[in-house]
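K.L.:
Since each chain comes alone in its own frame, lean on the hints to assemble the complex.
So the protein lines, in turn, are chains B and W.
Here our numbering is used: position 364 in the first sequence is 364, and no number is missing along the way.
Here our numbering is used: position 32 in the second sequence is 407, and no number is missing along the way.
Calculated directly from the structure, the hints in this document are not laboratory data.
Treat the hints with caution; some may be incorrect.
Said to hold, decoys possible - Computed list of chain W residues with no C-beta within reach of chain B, every gap over 10 Å: (1) 381; (2) 385; (3) 389; (4) 391; (5) 393; (6) 473; (7) 516; (8) 549; (9) 564; (10) 624.
Claimed, not checked - List of simulated lysine-lysine pairs, BS3-like, C-alpha gap at most 25 Å: (11) W:645 / B:112; (12) W:449 / B:118; (13) B:266 / B:314; (14) B:143 / W:645; (15) B:316 / B:266; (16) B:316 / B:328; (17) B:354 / B:316; (18) B:354 / B:328; (19) B:277 / B:266.
All C-beta atoms in this analysis are idealised placements derived from N, C-alpha and C, irrespective of residue type, glycine included.
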Amino acid sequence: MEILNTTKADDSGEIRFEQVSKTFGDVVAVEPMDLVIPSGCYCCLLGPSGCGKSTLLRMLAGHEFATTGEIKIGGSVVNNLSPQMRGTAMMFQSYGLFPHLTVRQNVAFSEKMQGVPKAERLANAGEMVDRVHLTEFADRYPKELSGGQQQRVALARALITQPKVLLLDEPLSALDEHLRLKMRSELREIHREFGITFVHVTHTQLEALGVADLVVVMDHGRIVQSGMPSELYSRPKNAYVAEFVGGHVLFHGQVTAEEGSNLIVKLPSGEELLVPKNNNYSAQKASDHVSFSVRRDRISLASDESIADKRTVKVKVEMTEYQGIYVKVQGYTLSGSEFAAYINDYDLPERTIKVGEIIPFVWDQTANHLLEPNS
Amino acid sequence: MATLNGRRPWTFYALSLFFVLYVIFIYGPMFIVFLLSFQGQTGGLTFPMQSMSLHWYRELFSNASAGDIPGAIKRSLLLASVVMVVTLVISVLAGLAFRKPFRGSTTIFFITTASLIVPGILVGLGIGQLAFLVGVRAHWLTTGLGAQLTWTLPFGMLIIFAVFGRFDGILEEVASDLGATPWQRFTNVIVPILFPGMIAVALFGFTLSYDEFARSLLTAGADNTLPLEIWALMTNVTTPKLYAIGTLTTVTSLLVIIISMATIFLLLRKRNAGTKSSE
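Next up, chain W with everything else stripped away, as it sits in the complex (with noise of 0.2 Å):
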């Protein structure tokens, strides 16, 4: 961005102005309730800190402490990943089944897509309600399961409609032309060229379910996942406790994605390196 003297416009400045202070705006809560988690023994919720120190973060892990933070954290950990997987293979299977339209594929894709416009309180007071009539216990791996999918699966069936949609449907004739058998199209042709799509739609399934809250409140069941357990505590904990707890959600979320990434990273460098080793 230049004028014609070379110099920038004001505008630029301006801008700049306002993207930094939009940053801080986003990441500032999040860094102070960060810092504030290494609060000393005695410091309270908020400024001054009286000193550095881990304590809090062993309050959360210690026996005597109120709420069961490791056993939400492992609950949703599974939850996350189950959502994730089933997530991802309905998303390809439904990009597998519109590649050619059907009769009621508009009526399908509208049903599935509407559930984003639901607010998920009413959806989980649904599932809930219906549980409870049917005479299901609410648990956080059946009926919570249920609601969480109707929250990814939109996401992840978009996603894999855009990604399908620049798929060359020429190819899956010349891989038939080759020879190659529908499971052989689908692994050698459509998995491979589909995959970062696949890693998109497994990031999203696994991060919508970890931090879901309204539709997992009323359809957990009697044990939390780590969101409603957090819920439960700060109506009760008045201690930069607390701020441990943030902070740790947000390390595992941002290690789930460094993870996921490095695994990408590492397998597209594998496919390289598997092709000049054939010379």
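If we strip away everything but chain B, and leave its shape as in the complex, we get (with noise of 0.2 Å):
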């Protein structure tokens, strides 16, 4: 499978961040961080609120400047260039289109303030203000205009600056959840068509899964794993992305045995579980406390044959949830921890689940996937 498949064939629009950090006063936004961003690909920085990535956006983007490190874009250092000069263009979070200006004059303003005269820079500007289908609103007002209409003003905007990167923040947090679908493959559209590398900031992690081709996901100033859609779903390093990403369920345990390459973890409650070893993660051995995570939606009901199967895993329903493509059955297992999965409506075809019922659930153990520590 192809790792990126929208990649530059040049590196114009690679960035490098290489021991970059950000501390304001006391406080550290920003810890000493290392990270490769391809020319061309679709980047999304993903974390709660507070983890740093709209600092790392603004330093990226030249409204902060960086603590320490060296951040390139292109093979040239950028840091102590302006916006303008190392090449990067922002869509903010609130827009901030000019409310004295049309959107004409809006997206011509980058042009005006190199000196651009009048008629050519009003010229190239309607030819962005028609390819993002913005015609023939050109000569309106911004407070005019919807949310979805006023962020293509901002797009445009941006990207008549002919930028070798663009820098999103939180673009979708302000629209509603129709429009916010919508704009998501317009982003990729956009993306597609101009073939720069965009930086996407988000909290939300279906949009970062569904628009990226790397996600970066950050903790207390620090990147914790950065990687594919795909991986980072599949693969989490830690509980903390498991967690963060969704659609997973944790268990905790103590290693009792090893068996091959797996782990045998004994569940506090006593079901015994077969966990594959992670190469990566060294500290796999007898008595030691792991934890591992299954996504939701590999797992199933037990049907009375495999009941036998010592390796089901027993849940007291709290709550069960339609919707629509899966049932999600929420609840605790007998250990206490959390549990959830998705099921198939079609798996309960004459059976409905009661709340309080105590319910097996088993699934092909290849899909444990054992975690590190949380650092």
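P.N.:
Okay, structure coming up:
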């Protein structure tokens, strides 16, 4: 499988962070970190509020000075360059459209700052306005436009500067659900069309999984894991990532034995599960305490035959939630840990699960994924 | 305002009456003065009006009359213009400075606005005395200007702060992201958006200066501004010439406001027309 499906032929949009950190007085917002974002990649910085993702973005944009380290774009160090000179353009969370200018004038702003003559810059702006499908709104003022249209103006205004990197600060957070999904695919389309590196900050995991080629999960100023969406979803590095990305059940237990390339992990309530060893993580021997995760959609209801299989886990059901493509069954294991599974509704034909029932669940043990400790 | 059966409640009529009386109270005297300024040559300071004439206006501008009204008007207009420009420039600069908190910002703010609560006559007295002690001769364009600024600057700064408060700071960052230098940010983003506030400060600066009396009294020096001249003449003049002065002053202020409003209106219209022409 190709790693990134939109890598540019040249490296002009490659971003490198080398030991970059940011401190505000005593507060460390970003700890010294290294990161490479390939040219033309759509990269999402994902994490909760306060994890440092916006600070990282602003350092990349040139709106914040890095305390230590070097930031390189296309191979050149950009630490002391202005936003315009370093080849980045930012789309701000609140869009920041100039209220006293029309759409066309907003888009023409950067060329006006460079001294491009009026007729020429308005014509160029007009072309860009056409490209984002806002032709009939070109002479309207921002307050007359809807949220989605305003966002397209902000995009056009940033893209006309022909940046090597486009930065988006929580671009979809202000939109309602329906518009968010529509704009998500529009962003992908624009990324494909323009072919430049996108760095998109968000706290919504489904959004990151849906748009990104590269997802960087952050926590308290550090990068916890970075990789393709599928990698993060199937092989989260630790409990933090597994919980943040969502869709996983976490188990904690003690290693009782090794069996070939698997560990036998015993849960507090006595069930023994088979967990494949993790080559990256060496502390895996008998009597170690470990955590592992399973994707919720890999779990099934144990049928009468498989109840005899000692690899089932019994769960006391607290709640079921119908979500169309699956039914979410939520509860607690007999060990007391949280549990949830996504069950196809055609696996429950005549069966309705009642709250309070204790039901066994089973799954392919190769789906168990060993987690490293949270650092 | 309507009760359940659709008719206006009695309170509506009571309050309307109150409003009418209020308007009469405020504008009545002014209107009487205006009317009496056209008093006939043989008329006195009160009704009845002998006839209608422009006699007292002519008196005002004739060389034989006491006092120097035209000169005072010229001085007041010039001083008000200078005060307007200085207040505007300082207020805008203050607004820019106060965007981010800095050491001593609260102190500076309180010192500036404190002059609002000090009685104007005492401010005038203090500045007049200081000038005397230092050996500077009081003059309307130096000490008078300074005294009036203590009155207009707090107003100007407060208005600008209010306007800046509604200004979205992100717009400056956006402009910088798009390649604007600090000066370009100022002329292309801050000024256009703050423009109505700046007009308000200019208007305040002008009218506060033009009407200023207490502070100017002891700092204007030998030549009077218009309010001072009127006050001086009031003790001597016992003819409707006084009413002519009053009317003239009011008309001047009115003209200033009308001209500024018209300017804003035309400027805004030109801006919108400029947009259409870019199609």
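K.L.:
At 10 Å, judged by beta carbons, does residue 385 of chain W keep clear of chain B as stated?
P.N.:
holds, 42 Å
K.L.:
Decide, holds or violated, for the assertion that all CB atoms of chain B are farther than 10 Å from the CB of residue 624 of chain W.
P.N.:
holds, 37 Å
K.L.:
Do the alpha carbons of residue 449 of chain W and residue 118 of chain B lie within 25 Å of each other, as the hint requires?
P.N.:
Judged against 25 Å, a Cα distance of about 43 Å means the pair is violated.
K.L.:
Compare the distance between the alpha carbons of residue 266 of chain B and residue 314 of chain B with 25 Å, and conclude whether the hinted pair is satisfied.
P.N.:
holds, 14 Å
K.L.:
Was residue 393 of chain W rightly flagged as not at the interface, with every chain B Cβ beyond 10 Å?
P.N.:
Fine: 39 Å to the nearest Cβ keeps residue 393 of chain W off the interface.
K.L.:
Would the least Cβ to Cβ distance between residue 391 of chain W and chain B come out above 10 Å?
P.N.:
holds, 36 Å
K.L.:
Holds or violated: residue 354 of chain B with residue 316 of chain B, Cα cutoff 25 Å?
P.N.:
holds, 10 Å
K.L.:
Regarding the assertion that residue 389 of chain W does not contact chain B, is the least Cβ-Cβ distance greater than 10 Å?
P.N.:
About 41 Å separates residue 389 of chain W from the closest Cβ of chain B, which puts it past 10 Å; holds.
K.L.:
Taken at face value, is the distance from the CA of residue 328 of chain B to the CA of residue 316 of chain B at most 25 Å?
P.N.:
holds, 14 Å
K.L.:
Take a quick look at whether residue 354 of chain B and residue 328 of chain B sit within 25 Å of each other, Cα to Cα.
P.N.:
holds, 13 Å
K.L.:
Holds or violated: residue 143 of chain B and residue 645 of chain W, Cα atoms, limit 25 Å.
P.N.:
holds, 20 Å
K.L.:
Beyond 10 Å from every Cβ of chain B: is that where the Cβ of residue 381 of chain W lies?
P.N.:
holds, 37 Å
In the structure shown, a violation is registered for the earlier hints numbered 8, 9 and 12, in ascending order.
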